[in-house]
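> Residues per chain, in single letters:
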Amino acid sequence: MSMKMLPTRDGYGHGLIELGAMNPNVIVLDADLAKSTRSDWFQAKYPDRFFDIGIAEQDMIGTAAGLALGGKIPFATTYAVFVAGRAWDQVRTTVCYSKLNVKIAGAHGGISAGGDGATHQSLEDIAVMRVLPNMTVIIPCDANEAKKATIAVSKIDGPCYLRFAREATPVFTEESDPFEIGKAIVLRPGKDVTIIAAGPLVYEALLAHDQLAAEGIAARVINMHTIKPLDEATVLKAARDTGAIVTIDEAQMAGGLGSAVAEFLVSHFPIPVERIGINDTFLECGLPEELAVKYQLKAKDLASAAKKAVARKVVCRSDG
Amino acid sequence: MENVERLKEICKDVRADIVRMTNAAGSGHPGGSLSAVEAMVVLYGNVMNHRPSEPSWPGRDRFFLSKGHACPVVYATMARTGYFPVDELVTLRKLGTRLQGHPSCMTLPGIEVSSGSLGQGLSVANGFALSAKIDRKPYRAFCLLGDGELQEGQIWEAMMTAAHYKLDNVCAIVDYNGLQIDGEIEKVMGLAPLEEKWRSFNWHVIECDGHDVEQVLAAYEESRQTQGKPSVIIMKTVKGKGISFMENVAGWHGKPCNQEEMKQALEEIYGKGI
Chain F
1 MSMKMLPTRD GYGHGLIELG AMNPNVIVLD ADLAKSTRSD WFQAKYPDRF
51 FDIGIAEQDM IGTAAGLALG GKIPFATTYA VFVAGRAWDQ VRTTVCYSKL
101 NVKIAGAHGG ISAGGDGATH QSLEDIAVMR VLPNMTVIIP CDANEAKKAT
151 IAVSKIDGPC YLRFAREATP VFTEESDPFE IGKAIVLRPG KDVTIIAAGP
201 LVYEALLAHD QLAAEGIAAR VINMHTIKPL DEATVLKAAR DTGAIVTIDE
251 AQMAGGLGSA VAEFLVSHFP IPVERIGIND TFLECGLPEE LAVKYQLKAK
301 DLASAAKKAV ARKVVCRSDG
Chain Z
1 MENVERLKEI CKDVRADIVR MTNAAGSGHP GGSLSAVEAM VVLYGNVMNH
51 RPSEPSWPGR DRFFLSKGHA CPVVYATMAR TGYFPVDELV TLRKLGTRLQ
101 GHPSCMTLPG IEVSSGSLGQ GLSVANGFAL SAKIDRKPYR AFCLLGDGEL
151 QEGQIWEAMM TAAHYKLDNV CAIVDYNGLQ IDGEIEKVMG LAPLEEKWRS
201 FNWHVIECDG HDVEQVLAAY EESRQTQGKP SVIIMKTVKG KGISFMENVA
251 GWHGKPCNQE EMKQALEEIY GKGI
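Just so you know, the sequences run in chain order F and Z. Here the first sequence is numbered in this note's numbering, starting from 1 and rising by one per residue. Here the second sequence is numbered in this note's numbering, starting from 1 and rising by one per residue.
One should not assume that every hint holds.
Simulated restraints, written as ranges between beta carbons of each label pair [to be verified]:
hint: 1; chain 1: Z; residue 1: M189; chain 2: F; residue 2: R86; range: 15 to 23 Å
hint: 2; chain 1: Z; residue 1: V86; chain 2: F; residue 2: V186; range: 36 to 44 Å
hint: 3; chain 1: F; residue 1: I55; chain 2: Z; residue 2: S27; range: 24 to 32 Å
hint: 4; chain 1: F; residue 1: I55; chain 2: Z; residue 2: E221; range: 35 to 43 Å
hint: 5; chain 1: Z; residue 1: E221; chain 2: F; residue 2: E180; range: 22 to 30 Å
hint: 6; chain 1: Z; residue 1: N3; chain 2: F; residue 2: D32; range: 19 to 27 Å
hint: 7; chain 1: F; residue 1: D157; chain 2: Z; residue 2: N49; range: 21 to 29 Å
hint: 8; chain 1: F; residue 1: I55; chain 2: Z; residue 2: K12; range: 43 to 51 Å
Treat the hints as calculated values from the structure; they're not laboratory data. Note that the structure is predicted; figures quoted are calculated from it, not measured. Backbone N, C-alpha and C fix where the C-beta goes; we use that ideal spot for every residue, glycine too.
Using the sequences and the hints, build the whole thing.
Right, here's the structure in full:
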């Protein structure tokens, strides 16, 4: 089987090009990483609407805020680790508190910056962006979805954070698949357990589904591309239908997708939830694939977490 | 447009408002508000193209308060130029008020962006000015900066950006009162030579006495005529200006007058017999 492989940042680049033609108010900013983030694709076609702010992420976010006040739709682009870390106060106070129409693109998210080591691996961005009032947080699962998400955020008013990856990952959705912000996509309909994932890890969830199926466990797979606002209805239905949930984060587990799901369920439908992800540690350099294996972000890890969740479900029942 | 004498009268009212509203709140920042009175009154009274009765008029010039803690001077100036009733000023910092302790654009029309964490306003002014350039619109972006605030690194990033993109529709104003919370700026973290620093960042630098209304008017006019580069007006000011016991005392940065001090302050502003 030859699956097409592309990084989600390519989808961002294609999305920007399409937006450039669709909407003259779209402006793209970068902080000296235009080639890496693919914002240079927009720059090449729309040089008058592209501004490099230099290595100054805080100033870039402030500049984007001012552009938004002038009626523009700025896409402030740099590595996820820098925009979510160094410029967080600007995102919080200037952008989110003022509820400005600023779109923030964080490239090289998660472990995809593998060889650069811990300084460049963005594992906290989801937590620190999700905690901000007024913010929408999206992790597209493949290049097709990345393009759609890029276009979709331009059509809603308010701050949005999009996380993209550096590495080529399977393109397993179709260009024609629907995409709606805040509306999760159920990719497999299983009834025994639900795997909730976002970003390129959704593909691992699909592989885990197949592994589990071989063992007679029918796993539901949900692509939760929008971390915030969480599609609570889809989570609740999965909890009711399957009775056990597994989440996976290419990020610190604290504050990530698993947190969002668990926070919701603990108040509304408490059932066994197994969370996997990065557990309160900085990583190291290595190929993203090597890191995924070492830090247990693979389909087999999801499959064993799923079995654990299913087992807990039985225990809960017998206790009850 | 107001004449110079009228502007001076409004400055007195704004000073009194700052004293009264911070007294009523029991907290707030009078020192760095009093030093920026002429900068704000002249800007709102005679310089900016705006419509106080229509705060979101698209054609307006924009003002960005980067030193958000000085919002008492902005609120008072807005009230005195017709944005909202003067009576509302004493709601400062109280639960349910539109006049948040640091300004919020979500509550008060006429505040362009929320601020309070220092160092962020000039970038926003730049972004707005850039949008005006893209759209070939004539409106300008004004940004009031504290001198202590210039210790924030983002300011210097924004200084580079404004000059790089030749944003001659940006006018920064530095309230150069020489004091910050921990004391004299030159002792805490020196800024001098400030004018040379801005100049070396390719800004057009204008200096003036920030309490001399004629000089402030002339400085804004020079900024307006500056082409090809952003301009900064470095206004030499006195923290706590106009109230003898507050002048040049860092301790009045974030402390309001009590009743007795307020009485004396108002007498000094308006003269005895009020």
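> Look at each hint and say if it fits the structure.
Hint check:
1. Z:M189 to F:R86: 15 to 23 Å: Holds: the Cβ-Cβ distance is about 21 Å, inside 15 to 23 Å.
2. Z:V86 to F:V186: 36 to 44 Å: Violated - the Cβ-Cβ distance for V86 of chain Z and V186 of chain F, about 58 Å, lies outside 36 to 44 Å.
3. F:I55 to Z:S27: 24 to 32 Å: Distance hint for I55 of chain F, S27 of chain Z is violated at roughly 39 Å.
4. F:I55 to Z:E221: 35 to 43 Å: Since the Cβ atoms of I55 of chain F and E221 of chain Z sit about 36 Å apart, the hinted range of 35 to 43 Å holds.
5. Z:E221 to F:E180: 22 to 30 Å: Taking Cβ atoms as reference, E221 of chain Z and E180 of chain F lie about 53 Å apart, which means the hint is violated.
6. Z:N3 to F:D32: 19 to 27 Å: Because 50 Å falls outside the window, the suggested range is violated.
7. F:D157 to Z:N49: 21 to 29 Å: Hint holds: Cβ distance 27 Å, inside 21 to 29 Å.
8. F:I55 to Z:K12: 43 to 51 Å: 47 Å, holds
Checked against the numbered hints given earlier, the structure breaks hints 2, 3, 5, 6 and satisfies all the rest.
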